[in-house]
Amino acid sequence: MPIRAKIAAFLGAAAAFALLPLFQPPAFYESLLYLVFFWVALATSWAILSGFSGYFSFGHGAFYGAGVYTTAAVASRFDIPLVLTWLASGLVASLLGIAIGAVIFRLRRLRGELFALLTLAVTFVIATIVLNTRIDGGPGVFLSGVKLPDIFGRQSSTIYLLGVVIAFASLATAWFVQYSRLGRGLFAISDDEDVAEVMGVPTYRYKLMALGLSCFLAGVAGGIHAVFVTYVTISETFSVVVPVSVVLMSVLGGARHWLGPALGAAFITLLNYAFVGGEWAVIGRAIIGAILILVILFLPHGIAGFVAQRWRRLRPAAVSEPPASSGARPPIAAPTAVPKPAQGGVLLRCEDVQLAFRGVRALAGVTLDVRQGEILGIVGPNGSGKSTLVNAISGYYRPDAGRILFGGTNLVTLPAHRIAELGLARTYQIPRPCQRLTVTENVALAGMFGAAALDRPAALSEARHWLDFVGLGERAASLPAQLNLHQRKFLELARALASRPRLVMLDEVLSGLTPTEIAGAVALIREIRQQGATVIFIEHNMRAVLELTERLVVLNYGQVIAEGLPRDVVRQPDVIKAYLGTAHV
Amino acid sequence: MPSATLLGQSILSGLFIGGLYALMGLGLSLAWGYLKLINLAHLAFAFLAAYVTYQFVGYAGLSPPVALLIVVPAFFLLGVALQALYTRFAVGEFASLLVTFGIAVIVESLIQYFWTADFRKLQIEHGTASLRIGTLFVPVIEALMLLVAATLSLATWAWLRFTYLGKAMRASAENPEIAAAFGIDPRRLALLMSGIGTAYAGVAGVFIALTSTLFPAQIFAWVGVVFAVVILGGLGNPLGVLAAGLAIGVSESVTMAVTEPTWAPLVAFTLLILVLILRPGRI
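Chain order of the listed sequences is F and B. Taking this note's numbering, I'd label the letters of the first sequence as residues 1 to 585. Taking this note's numbering, I'd label the letters of the second sequence as residues 1 to 283.
Among the hints, a few may not be true.
Partial list, derived from the structure: chain F residues whose beta carbon lies under 8 Å from chain B [to be verified]:
no.	residue
1	GLY112
2	PHE124
3	GLU236
4	VAL240
5	VAL244
6	ARG285
7	GLY305
8	VAL307
Computed Cβ-Cβ distance ranges for the label pairs, DEER-style [claimed, not checked]:
no.	chain 1	residue 1	chain 2	residue 2	range
9	F	ARG312	B	ARG187	29 to 37 Å
10	B	ARG187	F	TYR231	37 to 45 Å
11	F	GLY359	B	ARG187	17 to 25 Å
12	B	GLY166	F	ALA481	33 to 41 Å
13	F	LEU270	B	LEU69	45 to 53 Å
14	B	ALA84	F	VAL360	38 to 46 Å
15	B	ARG187	F	ALA481	24 to 32 Å
16	B	THR259	F	PRO457	30 to 38 Å
17	B	ALA180	F	GLY359	31 to 39 Å
18	F	VAL360	B	GLY183	30 to 38 Å
19	F	ALA290	B	GLY166	32 to 40 Å
20	B	PRO73	F	SER144	49 to 57 Å
21	F	GLY140	B	THR259	52 to 60 Å
I should point out that these hints are in silico values taken from the structure, not numbers from a laboratory. Glycine included, every Cβ here is placed at the ideal spot set by N, Cα and C.
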């Protein structure tokens with residue numbers, strides 16, 4: 001379905017629901033549908049951060065509650081338009097979320113589980129503060145004096161319409177985010193945050209932005225709900241019902257798709273309704289708990305994920321069909337906008353770079369130059385600091401001392417995503433693709449960030465181009481797990497190239513490949529250099545090194561022990577002693 | 001500023017409640033540290049044990065030690081059975097959070113179904129007996145609870161550190177494949193560990209029944225504090241759990257004495273958040 005038809009269908013659905021009160025349904029059904037939409041809004045807003053980035057928040061109740069109490073505090077005291085009050089609810093929740101996120105996301109080794117528990121803890125802190133201050137003070141807040149305008153002649157219709165508005169606003173936001181640069185970044189974070197950052201995704205900022213959006217929508221939904229329930233209390237507002245429900249709904253529906261949480265929300269709310277009243281309410285809760293368990297055990301990707309999986313399996317041909325535009329592609333030699341550099345100038349300079357891990361000196365003062373347009377080989381025994389150097393240059397590690405200058409900019413103090421934006425890209429020795437994104441999406445992601453920073457359509461066509469270039473065109477719709485090692489290594493390469501780097505660092509791309517595959521790879525690397533990129537080539541395969549590189553640096557114990565023309569370097573006695581060894585024939 | 005007696009009394013009661021935190025956190029910490037399971041159902045099990053004890057002692061007329069003898073083995077078996085389930089479905093660290101959340105919700109509903117949402121308090125003979133030391137009152141059951149918490153923490157620590165099984169457990173937690181290659185069966189160890197952890201929930205439950213008023217909704221209210229204790233104590237570290245439990249218990253009750261009781265929940269989380277930010281390597 002083309003995108004316009006999808007948008008038309010979306011707006012049509014919103015309009016159809018909005019016009020429902022014209023048929024004067026019983027007020028009871030309006031309230032029930034309001035509840036469905038309320039939960040759709042909460043679950044969808046939750047998924048914008050948690051579903052997409054994989055950081056499951058158990059603190060959605062805190063942000064929703066902040067919205068509830070902002071509206072309660074304002075509307076019960078002042079006579080200002082409710083719309084403004086709800087806006088205030090959203091802003092308060094959003095600021096609260098960003099403030100908390102700004103602290104929590106700074107923890108470098110924050111893991112998903114820890115984030116979940118910290119956000120749950122935050123809920124209790126906020127509840128305690130609200131309980132002990134004049135915002136609530138203990139007895140709860142009555143909002144019975146708050147009057148809504150009667151749209152379609154009834155209060156219940158007005159509330160219902162508000163539910164429709166916030167639900168569709170949340171859905172539209174989630175939909176937009178999912179395919180935007182922000183969303184792509186979040187998906188990359190959920191698969192491998194370190195790789196995402198090195199590819200150029202500003203992970204910290206993106207997580208905060210997603211949290212801010214997510215909390216804003218939850219806050220507005222809370223503000224509307226406060227008016228709906230008319231009496232708000234601490235125990236109801238900050239109970240675990242909200243976080244449990246949104247997690248359950250999203251996981252059930254599929255948290256990685258904008259429509260998934262809404263499916264789950266509708267299902268669970270209607271199921272809950274089926275068990276209203278007395279003992280049934282208790283049993284209904286137990287059934288919901290049981291559904292959560294069964295879904296995690298049997299449908300880990302939710303309904304949306306399950307459908308997508310089936311879809312992919314049923315129609316592999318349709319998905320991997322090459323796009324119509326591919327025939328009009330320019331030849332491989334001229335796709336990137338990188339100007340052909342003047343050969344010879346220094347592109348990257350490491351000056352006395354030092355890095356120690358608890359006393360192990362991984363880099364003991366590395367000084368080397370990489371010249372514009374060359375292929376620089378770096379060899380050395382295992383543990384000599386080759387990969388650490390790549391990690392330091394790409395910003396994953398911060399050196400203890402020394403400078404790394406890239407076109408005059410000192411990289412040492414920059415976060416990894418800024419370094420990627422300057423035009424550095426790398427591959428990983430053990431390929432680290434985003435496991436839950438298709439091959440095309442993986443490569444397009446790199447094109448949307450880094451030096452290229454393309455918009456999505458351009459990044460997708462760039463991705464197809466580079467996949468053809470490395471010979472993975474036919475596997476475009478596969479998941480990385482369906483590729484073999486050789487293909488995954490080439491996927492790494494395509495991903496590095498799609499960001500249009502000025503400098504590519506290849507960390508043992510040839511290891512584990514067969515001789516034929518190596519020959520293909522060597523030809524590819526030569527091709528890359530032809531197109532204007534500078535290459536750092538780290539490798540143990542000396543034949544490939546001698547064949548490809550113009551200059552060679554040898555590392556040992558974190559220091560440069562030799563540097564120069566490859567043929568000369570390999571004859572130096574310390575290089576032979578430290579790395580190559582003597583032939584005993 | 002409160003008087004010295006009030007301060008002393010609140011430190012004392014902080015130690016006792018801290019003992020309960022440690023008792024509740026112990027099994028959780030072991031499961032998280034050694035089985036990579038974040039067991040939100042642990043607290044629900046503790047309260048299930050409390051209600052069962054309430055039933056045994058309050059209605060069936062058993063004495064608390066007898067209740068303990070029934071509850072602890074039963075919960076051991078429950079833990080073993082659940083671990084078998086988790087292994088069968090290869091439940092990972094994150095999925096465990098959601099699955100055990102589901103279990104906790106089910107247990108809470110069951111409790112509410114059988115015992116209703118009313119407040120319940122076990123009345124037993126000598127239940128409120130206390131010793132008087134100087135100007136301070138020491139309630140006997142609470143003191144016993146602290147003693148049990150300390151003993152179990154120490155015993156678990158010694159078991160992990162000095163016995164063959166304990167060492168195998170630690171090796172298996174660090175690297176299951178390598179440990180298996182050296183002849184350790186991680187599955188059976190996991191069953192044992194889960195059984196022990198859940199049995200500890202049973203012990204905690206018996207003491208909860210003896211010391212506290214029961215109502216189903218409080219299960220989730222404990223989650224925050226107990227997780228704070230577990231994280232502060234260091235995963236899989238029984239002595240750390242004890243120390244963290246006591247520290248949080250004391251700071252909470254001193255806060256209550258100095259300010260309003262309703263501010264107490266803030267203490268644990270502030271401590272937790274501070275530690276996480278200042279020493280993020282702890283977890």
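Verification of the hints:
1. GLY112: Constraint on GLY112(F) satisfied, holds at 6 Å.
2. PHE124: Hint on PHE124(F): holds, closest Cβ of chain B at ~5 Å, below 8 Å.
3. GLU236: 11 Å, violated
4. VAL240: With a minimum Cβ separation of about 5 Å from chain B (threshold 8 Å), the hint on VAL240(F) holds.
5. VAL244: 6 Å, holds
6. ARG285: 5 Å, holds
7. GLY305: It is violated, given that the least Cβ distance between GLY305(F) and chain B is near 14 Å, above 8 Å.
8. VAL307: With a closest approach of 20 Å, the VAL307(F) hint is violated.
9. ARG312(F) <-> ARG187(B): 29 to 37 Å: About 34 Å separates the Cβ atoms of ARG312(F) and ARG187(B), which means 29 to 37 Å holds.
10. ARG187(B) <-> TYR231(F): 37 to 45 Å: Given about 52 Å between the Cβ atoms, the range is violated.
11. GLY359(F) <-> ARG187(B): 17 to 25 Å: 38 Å Cβ-Cβ, so the 17 to 25 Å window is violated.
12. GLY166(B) <-> ALA481(F): 33 to 41 Å: Holds, since GLY166(B) and ALA481(F) (Cβ atoms, about 37 Å apart) stay within the stated range.
13. LEU270(F) <-> LEU69(B): 45 to 53 Å: 46 Å, holds
14. ALA84(B) <-> VAL360(F): 38 to 46 Å: 42 Å, holds
15. ARG187(B) <-> ALA481(F): 24 to 32 Å: 26 Å, holds
16. THR259(B) <-> PRO457(F): 30 to 38 Å: 59 Å, violated
17. ALA180(B) <-> GLY359(F): 31 to 39 Å: For GLY359(F) against ALA180(B), whose Cβ atoms are near 32 Å apart, the range 31 to 39 Å holds.
18. VAL360(F) <-> GLY183(B): 30 to 38 Å: 32 Å, holds
19. ALA290(F) <-> GLY166(B): 32 to 40 Å: 36 Å, holds
20. PRO73(B) <-> SER144(F): 49 to 57 Å: Holds: the Cβ-Cβ distance is about 54 Å, inside 49 to 57 Å.
21. GLY140(F) <-> THR259(B): 52 to 60 Å: For THR259(B) against GLY140(F), whose Cβ atoms are near 22 Å apart, the range 52 to 60 Å is violated.
Comparing the model with each earlier hint shows violations of hints 3, 7, 8, 10, 11, 16 and 21; every other hint is respected.
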